[in-house]
Amino acid sequence: MIITDTENTAAKVLTKELHCGNKSGRILEKGMKALFFLCACVSVAAVVVICVFMFAKGCPAIAKIGVKEFLLGSDWSPRNVPASYGIFPMIVGSLYCTAGAIIIGVPIGLMTAVFMAKFCPKKLFKWLMPPINLLAGIPSIVYGFFGMVVVVPLIRNVFGGTGNSVLTVSIILGIMILPTIVGMSVSALQAVPDSYYEGAVALGATHERAVATVVFPAAKSGILASVILAVGRAIGETMAVIMIAGNSPIIPESMLDGVRTLTGNIVIEMSYAEGLHYDALIGTGVVLFVFILLLNLCFNLITGRKDKG
Amino acid sequence: MTQPKLQVKNCDLFYGDFQALKNIDLEIQEKEITAFIGPSGCGKSTLLKSLNRMNDLVEGCKITGEFTLDGVNIYKDMEITELRKRVGMVFQKPNLFPMSIYDNIAYGPRTHGIKKKAELDEIVETTLKQACVWDETKDRLKKSALGMSGGQQQRICIARALAVKPEVLLMDEPTSALDPISTIKIEELASELKKNYTIVIVTHNMQQATRISDKTAFFLHGEIVEFDDTHTIFSNPKEHKTLEYITGRFG
Numbered sequence: 001m002i003i004t005d006t007e008n009t010a011a012k013v014l015t016k017e018l019h020c021g022n023k024s025g026r027i028l029e030k031g032m033k034a035l036f037f038l039c040a041c042v043s044v045a046a047v048v049v050i051c052v053f054m055f056a057k058g059c060p061a062i063a064k065i066g067v068k069e070f071l072l073g074s075d076w077s078p079r080n081v082p083a084s085y086g087i088f089p090m091i092v093g094s095l096y097c098t099a100g101a102i103i104i105g106v107p108i109g110l111m112t113a114v115f116m117a118k119f120c121p122k123k124l125f126k127w128l129m130p131p132i133n134l135l136a137g138i139p140s141i142v143y144g145f146f147g148m149v150v151v152v153p154l155i156r157n158v159f160g161g162t163g164n165s166v167l168t169v170s171i172i173l174g175i176m177i178l179p180t181i182v183g184m185s186v187s188a189l190q191a192v193p194d195s196y197y198e199g200a201v202a203l204g205a206t207h208e209r210a211v212a213t214v215v216f217p218a219a220k221s222g223i224l225a226s227v228i229l230a231v232g233r234a235i236g237e238t239m240a241v242i243m244i245a246g247n248s249p250i251i252p253e254s255m256l257d258g259v260r261t262l263t264g265n266i267v268i269e270m271s272y273a274e275g276l277h278y279d280a281l282i283g284t285g286v287v288l289f290v291f292i293l294l295l296n297l298c299f300n301l302i303t304g305r306k307d308k309g
Numbered sequence: 310m311t312q313p314k315l316q317v318k319n320c321d322l323f324y325g326d327f328q329a330l331k332n333i334d335l336e337i338q339e340k341e342i343t344a345f346i347g348p349s350g351c352g353k354s355t356l357l358k359s360l361n362r363m364n365d366l367v368e369g370c371k372i373t374g375e376f377t378l379d380g381v382n383i384y385k386d387m388e389i390t391e392l393r394k395r396v397g398m399v400f401q402k403p404n405l406f407p408m409s410i411y412d413n414i415a416y417g418p419r420t421h422g423i424k425k426k427a428e429l430d431e432i433v434e435t436t437l438k439q440a441c442v443w444d445e446t447k448d449r450l451k452k453s454a455l456g457m458s459g460g461q462q463q464r465i466c467i468a469r470a471l472a473v474k475p476e477v478l479l480m481d482e483p484t485s486a487l488d489p490i491s492t493i494k495i496e497e498l499a500s501e502l503k504k505n506y507t508i509v510i511v512t513h514n515m516q517q518a519t520r521i522s523d524k525t526a527f528f529l530h531g532e533i534v535e536f537d538d539t540h541t542i543f544s545n546p547k548e549h550k551t552l553e554y555i556t557g558r559f560g
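Protein sequence lines correspond, in order, to chains A and B. Position 199 (the first sequence) corresponds to 199 in the working numbering; numbering is contiguous. Here the working numbering runs 309 ahead of the position in the second sequence, where the first position is 1.
Source of the hints: derived by calculation from the structure; they are not laboratory data. Glycine included, every Cβ here is placed at the ideal spot set by N, Cα and C. One thing to keep in mind: the hints can contain errors.
[To be verified] Interface residues of chain A toward chain B, partial, derived using beta-carbon atoms under 8 Å:
#1 Arg-26
#2 Gly-199
#3 Val-214
[Said to hold, decoys possible] Counterexamples of contact, computed for chain A against chain B with all Cβ distances above 10 Å:
#4 Val-49
#5 Leu-203
#6 Gly-275
[Unchecked claim] Footprint (simulated), chain A over chain B, 3 or more residues, beta carbon under 8 Å:
#7 324–338
#8 358–367
Sequences are here, hints too, so could you generate the full structure?
Structure follows, in structure tokens:
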């Protein structure tokens, strides 16, 4: 009772201060508004600061090395004399691994989502969805371990080579992007009004046809958005990748060759790099950052279009 | 007497433990408009949906009794897709798909295997004309159907239902979301379509029932209280409850 009373009094005081319109109340109200606004600014400020830092640190280095030599040079040997800073192998490596992850993860993810949203019995849904969501919570280092201990030997035994390869990375990344694709696509599919589905079956369409030709297309912007987010996740993944990629800075010639990604390049060499080498690694980050910005732009265009339609 | 187009015998329908329809017997004649009237929750939409098995989508829905279309049991001896092709449906709210007008109309025919463009073009034009919405749509067939007004959308929905060449058209309060002018257009359309189709319409609007229907069934608490010629129901009902309802004393 005492606690309740105190609470009541506190609430009354607060209400009084906020609503009685006296001077101190108004100041408090303005102060609170400013506080909330400041909180809202934190993440925006973080983005701006990161942008400024990346470009301010990275761009001069890129300019010094030469944009063409940096982006398209295929020789990364920062310790040679003279040093060479070409990150083309890493750009290609990142694109290969991301493409591989898409090829493996997107079909599985989308089919899972369609099954979960439209074919799965309610009872089963309760059991199937939590593990899928749990995939998103597993730390990437654990994926790396799993890749190292299970997938790498498997690839080595089945296809030969070292096992540290584009294929291995693609498989692990494909698994890692599943929860993003499944979760968002299930929501998008469930958000499609039932009336569309009813309209289709009322015309004599089977359940399968109604889902494939009406419900799925109606959810396509949400589904596409999920794929783009997933791509962002795949291209930015670091820890799991370097454990299974082999990491030699050479353009891979086959699926079974080792690979180094942009993220891997930074994390592997950052600890001992100095001078231009150091700045070149930040330049690598800039390239990665530009990729992510482009993906975000796509994401915003797609989801923005959905809101308008 | 000829065989009724649709016949319902001894129908009981449960949603879980709730009995929504009690011992329904009904005969719907060919090329007539039959109206279902009654207060909300009386089971009229439920019965309508049973006629093309849309209630199958409702979880926990149990139906007993016999439903026949031209004497064939629609729950036992007919493919559900075949049934829904022959018994089309127009919903309360226009539910066009988020695609072009053309693709909306062509959806049904494509579902039933018509692929040739010329044939589809022909179907799209005739059905839109039948639904009296051709003039408004002919220049924008490739544009999204969702850009049309509510009344136009509902007429396009009717065209879409007609595109699979149904024999029966079920209409579930098709004008309740529309303005008076669109409502009149839909009513005129229904009267016109009667020449070729058997129509069953659920309506909250008793004037609508008197304006367009030949037969009227009055529903109350899941039962058909009275079923007769519309003229008889509204001028000289046999049941006291019907009289009370049509004179606006409840419902």
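Here's how the hints hold up against the structure:
no.	hint	in the structure
1	Arg-26	violated (47 Å)
2	Gly-199	holds (4 Å)
3	Val-214	holds (5 Å)
4	Val-49	holds (41 Å)
5	Leu-203	violated (4 Å)
6	Gly-275	holds (57 Å)
7	324–338	violated (count 0)
8	358–367	holds (count 3)
When the structure is compared with the earlier hints, violations turn up for hints 1, 5 and 7 and for no others.
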